[in-house]
Structures are given as structure tokens and as C-alpha cells.
Amino acid sequence: MALFSNSAAQPASAVNTVAPANDATDIDHVVEQIVKGAFLTLLENGGEGLGKLAGLVRHLESKDGKALVDTVQVAVCMNDVVTRAVETMRSVRDLSKRTTTISSATEELVAGVLAISRTSELVAGNAERVKGLTMEGASEAQHAAQAVHAIVETVNEASQSVERLAEASARIGSIIDQIEMIAKQTNILALNATIEAARAGDAGKGFAVVAHEVKTLANQTAAATLDIRKRIQTLTEESNAITVAMSSSSQRVLEGEQVVLATVGKMQEVEKEIKDVTSMMQDIASNLGQQRIAAGEIAKNLDEISTISNKDSEAITALLEVSAKGNEKLDAMLAEMAKLETGNKVVHLAKNDHMIWRRKLAEMVAGRVKLNANELSSHQTCRLGKWYEGVADAKVKNHPAYRSMLEPHAEVHKHGIEAVRKYNAGDFEGAIDEIAKIEAPSGEVQRCLDELAKL
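Heads up: the sequence shown runs through residues 1 to 455, numbered per my numbering.
These are calculated hints, taken from the structure and not from any lab test.
In this text, all values refer to a predicted model and were calculated from it rather than measured experimentally.
Where hints are given, some of them may not hold.
Straight-line alpha carbon distances no greater than 30 Å define the calculated DSS-like cross-link-like pairs of lysine-lysine that follow [said to hold, decoys possible]: (1) K414 to K454; (2) K325 to K422; (3) K66 to K395; (4) K397 to K414; (5) K454 to K36.
Distance windows between CB atoms, simulated [to be verified]: (6) D28 to E336: 22 to 28 Å; (7) T263 to D303: 41 to 47 Å; (8) D94 to A394: 19 to 25 Å; (9) E451 to N374: 29 to 35 Å; (10) A392 to N424: 48 to 54 Å; (11) G426 to E107: 28 to 34 Å; (12) G132 to S91: 41 to 47 Å; (13) A168 to F207: 39 to 45 Å; (14) R252 to A224: 40 to 46 Å; (15) G343 to R84: 46 to 52 Å; (16) L319 to N398: 39 to 45 Å.
Yeah, the Cβ is synthetic: ideal placement off N, Cα and C, and Gly gets one too.
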């Protein structure tokens, strides 16, 4: 197509140029020109000299012009179908790639879930064993607390016994005091008896012996009493020391009992916490199991999506093949119609050229064709550009659509050529962005051409 070539397009004025006839009524000559499609040339000057054939020429020009418009419309639709199909294929391929990526991520997720599930089960098992050990420890601590409590009671009983011993020692001391008093009084009585025996002379000698023995016994009693008092004092001191020590021991044992009881309480709290952790880990394991099932379903669905995407891609490829054959036929038909002289021929053909331009770019990014940016026509060398530069009709040149078409037409070619450059440089996303920028200006060019076609 002329759109994808820098070669000069053949001017419309040079197509089917009709040589002046020597006789305007020469039917053979007129028929020959009609067969060539030189309708506009025959109708110059209002078709003067054609006679009744003028009506036939006008009818054929109108009919072929309508056929051109209809064929261009079909070609535009076909090219648009190809463009949309390629865009759909690109989306399907992108979906397939993303699905593959998600599928891989899902497989990794499933593996991670399985690993976490196994770890959770191990943690739950360990927590259960720790709970058992904690319960055993709490039970042992409880027994220890009971043993300590028994020690406290034993120490208290021993302390009470020592106190009773101290009381008994005190009572013995009181008795010793009485014995000492009796010994002193006996010693005094013995002394008095000795004095009286001395006064009695020989008659009192026997009494003196008895008094001496009594005095000796009294002294022995006093000495024994003193020894007993010392022993009782020592016993009292030891008892007091034992009482103090046992009181201190009792206090320490009580403190130990409190520590053991506190330990029991803490271990019971730990047991409760471990029980809660075990329950949570079991819940986590259960939830992970459900997540594993859900992830498996996702992976299955992704595989189905991938299969469907592949089928869609194959269907689109088949559609593109059929469309390509149809476009070849339409291009050939339009090439023949381009030889005919009909009103606004270039305007209508330019609409198709525009869609071919977009179709080629779409097929390029789909990998179906290769384009060279240096071989692409500019907005001045394409068929529409040549027509635009050569318009002499003031009615056309002054039309708003004519003036509005130049800038978007240039944008279409600029972004198209840039898309090819980026694609060939390996910048696929950049090429896609450039092609996307063609949509708006291309629509504006089509609108302007539709307006001009009404003239």
C-alpha cells in the first residue's frame, strides 16, 4: 500500500487520462472510456456531447462511487477487527503470562502453607508436651509446698516443745531457789546446833557430830544447787537460742512456702498460656489446611484459565489468518476501484489507508509482520498527504475539517513511526504506548474525512 512506502503515489489527475476524441458522439470511444472508469473525464463540462449516454455515465459513476464507499467501509471494519483482535491477543497473552506468574506464586504459597502447617503442628505438639511438663512441675511444686508446710508445722511444734522445756526449766529454777533457801536455813541450824553442843560439853558431842553432818549435807546441797542452777541457766540459754533459731528457720520456711506457692501460681498461669497457645496453633493449623485447599482450588482454576487463554489465542490467530486473507481480497478490490474516477475517491481511500496503518502496527506488536521505520511514509508523502497538499478547491480548503485534519494526521504518522522504532529497539511497552497515542488523532482524522466526504 502507498501508506507504507516512500515511493511517490500516482496523482489522481494522471489516472485514466482520456485523450480528446475527434467526435464526441463516437460511441465506441465513449464505451471505451466507460470501461476504463473515466467517468469524471467524460462528464467534464457537464457531459456535453454525450447525449443520452451522460445519464448512464453519471449512474455508473454514482454506482461505482457507492461501491467504493461500501467497500472502503467493509475494509475499514475488517482492519478494525484485525486491530481489535491483535489487541485482544496481546491482552490474552498478557493474561496468560500473568496467570503463569500467579500460578507459580500460588504453588510457592501452597508450599509455604504446607511448611507453616507442619511447623504449626510441631509447635502445637511441643506446646502440648511443655504443657504436660508444666502440669507435672506444678504438681511437684504443690507437693513441695505441702512438704514445706509440714516442715513449718513441725518446726512450730518443736518450738512449742522448746518453750515448754524453758518453762519447765524456769519452774526447776524456782524449786532450786527454795532448796537453796532450805540449805541456808539448815546450815544456820547446824551452826546453832554446833554452838549449843559446844556449850553442853561432853553431853553434846553426839549432837555436835550430827550437827556437823547436817552442815556438811547442807553445804553439799548448796553446791549441788549451784551446779544445777548453772546447768539450768545453760539449758535456758540454749533453749532460748534454739527458740530464736527455730523462729528464724520457721520464718525462712514460711518465706520458702510463699515462694513455692507463688511458683505454683506462675506455673499454673504458664500452663493456661500454653493451653491457649496450643489451642491457637491448632486453629492456625486448621485454617492453614483450609488455605491449602483454597490455594489448590486457585491453582486448578488458574490452570483452567491458562488452557482457555491458549484456546482463545489459537482462535484469535485463526481469526487473524482469515482476516488477512479477506483483507488481501479487499486490498485488491480497492486497488482496482482506485483506478476508477469517482467523487471524493482519495478521501474514501484515505480512510482505509488509515486503518491499514493501524492494522500493520497491531500486527507488528503481535509478531506477524516486520516494519522498518525508515521505509514508512510521512504525513506528507502518504496518499492522503499528497492529496492534502494538492487540493486547489477553495470550498474544500476553507472547510473547518480540512484545516483541522493536518495536525492529528501528522500525530498519527509521528507516533506510528516512533512505535516501529521502539519496537525494533526492543522497547515493547514503549511501542504499545506510542500505538495507544494514535487512537485519538486517528479518530479525529476519520471524523474530518467523513465531513469532507459530504462535500
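Structure-based check of each hint:
no., hint, in the structure
1, K414 to K454, "holds, 28 Å"
2, K325 to K422, "holds, 28 Å"
3, K66 to K395, "holds, 22 Å"
4, K397 to K414, "holds, 23 Å"
5, K454 to K36, "holds, 26 Å"
6, D28 to E336: 22 to 28 Å, "holds, 23 Å"
7, T263 to D303: 41 to 47 Å, "violated, 58 Å"
8, D94 to A394: 19 to 25 Å, "violated, 50 Å"
9, E451 to N374: 29 to 35 Å, "holds, 33 Å"
10, A392 to N424: 48 to 54 Å, "violated, 39 Å"
11, G426 to E107: 28 to 34 Å, "holds, 30 Å"
12, G132 to S91: 41 to 47 Å, "violated, 59 Å"
13, A168 to F207: 39 to 45 Å, "holds, 40 Å"
14, R252 to A224: 40 to 46 Å, "holds, 41 Å"
15, G343 to R84: 46 to 52 Å, "violated, 31 Å"
16, L319 to N398: 39 to 45 Å, "holds, 44 Å"
Violation of the numbered hints given earlier is confined to hints 7, 8, 10, 12, 15; the remaining hints are satisfied by the structure.
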